[in-house]
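Asker: Knowing the structure of chain W, use the given hints to seat chain L on it.
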Amino acid sequence: MLSSYPTDNRFGKYGGRYVPETLVPALDELEEAYNKFKNESFFQSELKYYLEQYAGRPTPLFFAKNLTKYCGGARIFLKREDLLHGGAHKINNTLGQALLAKRLRKKRVIAETGAGQHGVGTAIACAVLGLSSEIYMGSKDMKRQKPNLTRMRLLGAKVNPVHSGSRTLKDAINEALRDWITNVRSTYYLIGSAVGPHPYPVIVRDFQSIIGREIKMQIKEYSKTSQLPDAVVACVGGGSNAIGTFHPFIDESNVGLYGVEAAGKGIKSGKHSATLSWGSPGIIHGMFTYLLQDKFGQVSTTHSISAGLDYPAVGPEHALLKDVKRVKYTQCTDVDAAEAFLLLSKLEGIIPALESSHAVSYAMKLAKEMGRRENIVITLSGRGDKDVEVMQKYLATKDKKSQNC
Amino acid sequence: MNTDEKEKGMAGITELSTKRIDAKFRILSKKNACALICYLVAGYPNIRMSEVLVDVLVKAGADIIEIGIPFSDPIADGPTIQGAYNDALKNKVNPTKCLALVARLRKKYPDLPIILMTYSNIVIREGGVKRFVQRSKESGVDGFILPDMNIDEAHLYIKVASEAGLATVFLASPNTKKIRLKSIISKSSGFLYLITVFGVTGAQKSFQNLTAHSIRRVKRLSGSKIPVVVGFGISKPEHVRYMINAGADGVIIASAILDIIKSNLKSPTLGLKIKSFVEGMKTACQSKNL
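Those protein sequence lines, which keep their order, are chains W and L.
Numbered by the working numbering, the letters in the first sequence go through residues 1 to 405 in order.
Numbered by the working numbering, the letters in the second sequence go through residues 1001 to 1290 in order.
Okay, chain W solo, but in the shape it has when bound (with noise of 0.2 angstroms):
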């Protein structure tokens, strides 16, 4: 069953631990206090109790009337994940990751950031559990995404900016397992995404896997049968949110998984982040994965309208998924999501992020293609209101053009 990898720290041919070895014992002393705390009573009760009166568990999957209406297919269902306490489903991972940093008696907690969602998450986790955080971020994006490094330091944090390489997410993982090496005793490194060496793709995804857990439940409540639905779609940068709500589905046969990729200005264009459409497997951030990468193994420099997307490899488990073939991995580019983001936000009053609205966009093609009795839930998995400076140029540009017409 391909739900119950990982086996000998990897998926098929995937994951591993490709680290330097003063990163090892670290990374032993975290998969035995996962493995040990995961099913411990107390650990879940805490969580539980976070989640749901801190965080704001379960969100509701909410039914698009007009959104179905506009696309005149299968009904779609949004899994609002942006209603969330921080503004998107990080908070699922960072407060189960901070709770393990307090038990193993870790003060110091680092985190990397690209849209500044999972710094943001972060830096709330570790403020109501009493914990210091630091948060690196790519230069480029801590200027497009400000509004989160306001939040960041406003919540605590310090925000330790990365002008090295291309200044993303990429780089501030690099600098983030850099501070880790150095001060690997006192410090816990919360990996926001289902990336990085064994066990962080687990823990990341079992962390996230609520999500695919309540929209069962809560498809099934909605249409009284014991249907699941027929599609669900989600965006994937490194993949957290994408693994979170597929992996409760991976046996279901008759549930189909989308995820949607950055496919930036195109293909031919080389400006995206689309790695498991148009990369080829390669070792970064401790992970055997699909990569984005030349021919020498140079990693690639990536492009997408949102941060936290531009990334150019995805976490082990989707390289698997892949290869079998489970999940469809497709593409959107930097402008359907822009105008999927722009739909949503007036036919159904939800601002979605833009990483988002990247699964919005093609879940609204496939809906068209479905029929009307058929369900598809699209994981909305943050809020828009980091992006309204990325959109106000994204309009001003447009209008610009339509003048010019």
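Note that these hints are calculated values from the structure, not bench results.
The model shown is predicted, which means the values in this text are computed figures rather than measured ones.
Among these hints, one or two may not hold up.
Quick list of the computed label-pair ranges, beta carbon to beta carbon [stated by the list, open to error]: (1) W:G130 x L:L1221: 37 to 43 angstroms; (2) L:I1179 x W:R326: 36 to 42 angstroms; (3) W:G130 x L:N1032: 54 to 60 angstroms; (4) W:G270 x L:E1126: 16 to 22 angstroms; (5) L:K1130 x W:Q392: 51 to 57 angstroms; (6) L:A1100 x W:R213: 53 to 59 angstroms.
Capping the alpha-carbon separation at 20 angstroms, the derived lysine to any residue pairs in SDA-like fashion look like this [what the hints assert, rightly or not]: (7) L:K1262 x W:S164; (8) L:K1177 x W:T182; (9) W:K295 x L:R1131; (10) L:K1262 x W:G165; (11) L:K1177 x W:E29; (12) L:K1090 x W:G165; (13) L:K1092 x W:T182; (14) L:K1092 x W:T301; (15) L:K1092 x W:D28; (16) L:K1090 x W:R167; (17) L:K1097 x W:Q298; (18) W:K102 x W:S45; (19) W:K295 x L:N1086; (20) W:K295 x L:K1262; (21) L:K1177 x W:N183; (22) L:K1178 x W:P25; (23) W:K13 x L:L1156; (24) W:K295 x L:K1097; (25) L:K1177 x W:I250; (26) W:K13 x L:A1154; (27) W:K295 x L:D1087.
Taking beta-carbon pairs under 7 angstroms as the criterion, some of the chain W residues facing chain L (in silico) [said to hold, decoys possible]: (28) R17; (29) P25; (30) I284.
C-beta: ideal position from N, C-alpha, C; glycine also.
Answerer: Chain L alone, transformed into the frame defined by chain W:
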């Protein structure tokens, strides 16, 4: 080079192969000296200069040369090596050019041990580990240091490298547990690379008791099985003496050399500065005798 010559050259290399590293340590141990291993990034500041700089290092007393193949995301390296990698990549340096550099060095220095340092993704790319190891061997490489390839993931790499007779230098860290350390020792060939500090590469101001303690600990376990070489942050002769006193069989000088290159890029005295720095380190390496 015609085919005949190529085959002859290759045969010669096969004969020496990993033996060069072992032979070097045997000679040094007879002299009761510590090995001085000097690092350069291939293509920093450019490939031609890398070749010239190896000449300077060898003349100044380097026992073993470590050549870094640049990688875009070097997680075990600090700002100095990151910067050098970056500049080399901007110069369009690639593994093929690096191996060609090694081949030229091999011709010039038939007995000089040359070790490649790079990251796993470079090694598994383009035809996989086996192809990379084969190409390295043909170029005259003696072994590899891959900081993100720890023993758990190294099954195939160890197999093909040892079949080719090339050394697999694994790293150990101050926090490596005893049982794992034993396994690292048994899977390493050429020498064992002990990281002296918690951190990435880059010059350290001084070393703490932790460093001496971990050298002694590793030496106790390794015995005479394999030389123990220390690296990360060594930048002064007094550091070298400190490592030797704790029992190190060799030292790796990396970022300190690159720092000199960086601050003397346009200076006509770059060669002289490197020479006098390396000579100072070499003198310290003889202090095993004192």
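Asker: So, for every hint listed, does it hold in this structure?
Answerer: Results for each hint:
no., hint, result
1, W:G130 x L:L1221: 37 to 43 angstroms, "holds (40 angstroms)"
2, L:I1179 x W:R326: 36 to 42 angstroms, "holds (38 angstroms)"
3, W:G130 x L:N1032: 54 to 60 angstroms, "holds (55 angstroms)"
4, W:G270 x L:E1126: 16 to 22 angstroms, "holds (20 angstroms)"
5, L:K1130 x W:Q392: 51 to 57 angstroms, "holds (53 angstroms)"
6, L:A1100 x W:R213: 53 to 59 angstroms, "holds (56 angstroms)"
7, L:K1262 x W:S164, "holds (17 angstroms)"
8, L:K1177 x W:T182, "holds (18 angstroms)"
9, W:K295 x L:R1131, "holds (14 angstroms)"
10, L:K1262 x W:G165, "holds (19 angstroms)"
11, L:K1177 x W:E29, "holds (12 angstroms)"
12, L:K1090 x W:G165, "holds (12 angstroms)"
13, L:K1092 x W:T182, "violated (31 angstroms)"
14, L:K1092 x W:T301, "holds (15 angstroms)"
15, L:K1092 x W:D28, "violated (38 angstroms)"
16, L:K1090 x W:R167, "holds (16 angstroms)"
17, L:K1097 x W:Q298, "holds (14 angstroms)"
18, W:K102 x W:S45, "holds (15 angstroms)"
19, W:K295 x L:N1086, "holds (17 angstroms)"
20, W:K295 x L:K1262, "violated (29 angstroms)"
21, L:K1177 x W:N183, "holds (18 angstroms)"
22, L:K1178 x W:P25, "holds (11 angstroms)"
23, W:K13 x L:L1156, "holds (13 angstroms)"
24, W:K295 x L:K1097, "holds (14 angstroms)"
25, L:K1177 x W:I250, "violated (38 angstroms)"
26, W:K13 x L:A1154, "holds (14 angstroms)"
27, W:K295 x L:D1087, "holds (19 angstroms)"
28, R17, "holds (6 angstroms)"
29, P25, "holds (5 angstroms)"
30, I284, "holds (6 angstroms)"
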